[in-house]
Structures are given as structure tokens and as C-alpha cells.
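Chains as they are written, first to last, in the numbering used here: chain A, 74 to 280; chain B, 112 to 231.
Think of the hints as simulated: they come from the structure by calculation, not from any bench.
Please note: incorrect hints may appear among the correct ones.
To be verified - Straight line, CA to CA, 30 Å or less: simulated DSS-like cross-link-like pairs of lysine-lysine: (1) A:167 / B:161; (2) A:192 / B:161; (3) A:204 / B:161; (4) A:265 / B:222; (5) A:275 / A:167; (6) B:161 / A:166; (7) A:204 / A:265; (8) A:265 / A:167; (9) A:204 / A:275; (10) B:222 / B:135; (11) A:275 / A:265; (12) A:184 / A:212; (13) B:161 / A:265; (14) A:204 / A:184.
What the hints assert, rightly or not - Simulated coverage check for chain A against chain B, where a stretch passes if three residues somewhere in it have a Cβ under 8 Å from a Cβ of chain B: (15) 157 to 166; (16) 189 to 195.
To be verified - Sample of chain A residues facing chain B (criterion: CB under 8 Å; computed from the structure): (17) 148; (18) 151; (19) 152; (20) 198; (21) 202.
Built from N, CA and C at the ideal position, the CB exists for glycine as well.
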Amino acid sequence: MKINPLVALLITCFLVGCQRSDIPDVLPILGDREVIDNDTVYHTIPEFSLLTQDSVSVTNADLDNYIYLSDFFFSFCPTICPKVKKQMLRIYKKYEDNDLIRLVSHSIDPKRDTPTRLKDYAESLNINTDKWMFLTGDKDELHDLAEYYFNSAFDDPEAPGGFNHSGYITLVDTHRRIRSFGLGTDPEDVDKLLLHIDVLLKEYETH
Amino acid sequence: MKRISLILLVFFTACDYVQYQQGKDLYVTHCAHCHMEDGSGVEDLYPAMKDMDVRIDELPCIITQGINHPETLLEMVAIEGLSDVEVSNISNYIMSDMNGRNEELTIKRTKTLLSQCTSQ
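The shape of chain A in the complex, shown without the other chains (with noise of 0.2 Å):
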């Protein structure tokens, strides 16, 4: 069989075409650095000492050991916290059973996000809190923690329930470091963040 050169051309064009390039072999370390003394440094999540639904107090070093995936919501928010929080699930529904990976939602409005309240909020979700943790504590405290994992938060009497946020969930590994993050509010873009979440798990695979 002879086969036509532009046919050749068009189905390469196409396979090639249909490639995933947006997923790399290892996942980049995301954020500013700056070179001290010959050392990188990277942009980390700073100390934060929070309270979880259960009144414990959680910091950094409770999470060393585990990636995780971090949101900002509040309860009360009623534009686009529901969306990002089904985003969230599935992501805990696809790694229910990875015991390396944990969920971390923090509360923006910590004054009414008590932990009871927070408790009965990740009942309703129906999540096992031990893999899946909401945190509350110091409003300015949060707010600024926002900004380390590429979220904004602030007060905003003008918006609908009294907060402006955005809805990225970022993905930190081991050392504290920003490996991701998808828009929770765009399943699509969640898509690509749940490979990003397997390529970053291959790195602890061979490790």
C-alpha cells in the first residue's frame, strides 16, 4: 500500500498534536528564590500555628511528612467556595486509600468558622478528618498564609458574605514547597492538577 505523503504529514501532525505537553517528567518548584551563599532557596510555606475542627493545635510539622493539597474557603461563602469544594473531593475521593497525601482547608473567617462549626461542616462533607483536616485560628494570621499558597484573601464588605478570595488549591510536597496548583472553581484545570499530583508522587516512589 502507498501511502500519500500529506497523509503521512496530517495523522504525525495529529498524533504529535494530541500529545499531553503540559505534563512534565518532574514538576517545577514554583515561586520567587533567590541564591544565598551559593544555596537556592525556594519559596516555602511559612511557620503557621493553627487549630483544627477538633480544637488541636496543628503547625508546619505536623505535615512534613505528607503532600498536601490547601484551600481557602469559609462557610458561609455563597459564590464560589461549593465548586471548589466539590474539586476538593474528588481529589480526596482519588487518593482516599494514599496515605502520602492529606487535604488541608483553611477557614478565611475564623470568627464564625468556630472548630464545632468546621467539625459539622466536614460531616456534611462526609471526609475522615484524619486525612482531610479544616483549620481555623488568627484572621490576620490566615489571610496573610493566603498569600504564600498563591491565594488572596481580604475583608470586603462589599462582596457576597463579607470576603473577597480566590480559589486556587496549591499543592505543597514534603519540604513545604509549592510543586502546583489548578483553578478549584475549573474541573479541567483540577484534571491537570490530579496528573501534576501523580507525577509529584512518582519523586517519593523512587526515593
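Following the hints, put chain B in place on chain A, whose structure we already have.
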């Protein structure tokens, strides 16, 4: 007659036919934030609209007055500013297009139901 039904079936299936287009548009604007565009909801936080055990007669008052059950964490706020026609279209979209239930509210019936809402 059989042939016409078949043609109609193919036509509706092919076009992803929505019987209540205005109801769908209003649902996307007012309800999909929490109940999701496909009606799947989020666990017990935001109830699913698909396969729910609510009667169509209950929908108009829920839509226009909201719900605040003491046993649920989150309150559903009232959707304000809807006309009776819009309320019946949202209700019919949820029941017919989303749940495939053969129930429909006429505008007259919706008006009657709305006049009987027990305010909270």
C-alpha cells in the same frame, strides 16, 4: 406515527434537547453555584437536585423563601426578584430535564402554591 416518533427522538437526542431553556438559564445563574450545574450537589452540604425526594409542589416556596432546617449546617437563602413564570420554569427544569420526572407546574398552579407559602 412510529416513524415520526423515531425522528423526533433522534432529533431531541441529537440536540441535547432542553425542554425548559429559561429554567435552565435561571438555574445556572441562581442555583448552580451550590447545587452544581449537573445537579449533583456536594454531599450533605449542598443537596443534589438529581434523584431528590422533594415533590414539585414544594419547589416554588423553597426557591423564593429559602430553607433553614435546624439540623443542617448551611441555610439556603431565598432567591429574590423572580416572577411566577420564572419560578415555574426553574421548578419544571429541575423536575423534567434534570430528573426526567413527568411532573409539571402550570403558572396558575405556581401562583396558588406561592400564595400558600408558610413564611419562616
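Hinted pair, alpha-carbon criterion (30 Å max): residue 275 (chain A), residue 265 (chain A). Please report holds or violated.
Between residue 275 (chain A) and residue 265 (chain A) the Cα gap is close to 16 Å, so the pair holds against 30 Å.
Agreement of residue 204 (chain A) and residue 275 (chain A) with the hint, judged by alpha carbon distance not exceeding 30 Å
holds (20 Å)
Measure nothing beyond the straight line between the CA atoms of residue 167 (chain A) and residue 161 (chain B); if it is 30 Å or shorter, mark the hint as holding.
Roughly 23 Å between the alpha carbons, so the hint for residue 167 (chain A) and residue 161 (chain B) holds.
Are three or more residues of the segment 189 to 195 of chain A within 8 Å, CB to CB, of chain B?
holds (count 3)
Run the distance test for residue 161 (chain B) versus residue 166 (chain A): straight-line Cα separation, threshold 30 Å.
holds (21 Å)
Please work out if residue 275 (chain A) and residue 167 (chain A) have their alpha carbons no farther apart than 30 Å.
holds (16 Å)
Checking one constraint from the list: CA of residue 204 (chain A) to CA of residue 184 (chain A), max 30 Å. Satisfied?
holds (24 Å)
CA of residue 184 (chain A) to CA of residue 212 (chain A), is that 30 Å or under?
Satisfied, since the Cα-Cα distance of roughly 8 Å is no more than 30 Å.
Agreement of hint residue 151 (chain A) with chain B interface, Cβ distance less than 8 Å
holds (7 Å)
Measure nothing beyond the straight line between the CA atoms of residue 265 (chain A) and residue 222 (chain B); if it is 30 Å or shorter, mark the hint as holding.
Since the Cα atoms of residue 265 (chain A) and residue 222 (chain B) sit roughly 47 Å apart, the hinted pair is violated (cutoff 30 Å).
Within the segment 157 to 166 of chain A, is the number of residues with a Cβ closer than 8 Å to a Cβ of chain B three or more?
Per the Cβ count (3), the hint holds.
When you check the alpha-carbon spacing of residue 161 (chain B) and residue 265 (chain A), does it fall within 30 Å?
holds (27 Å)
Of the numbered hints listed earlier, those contradicted by the structure are 4 and 21.
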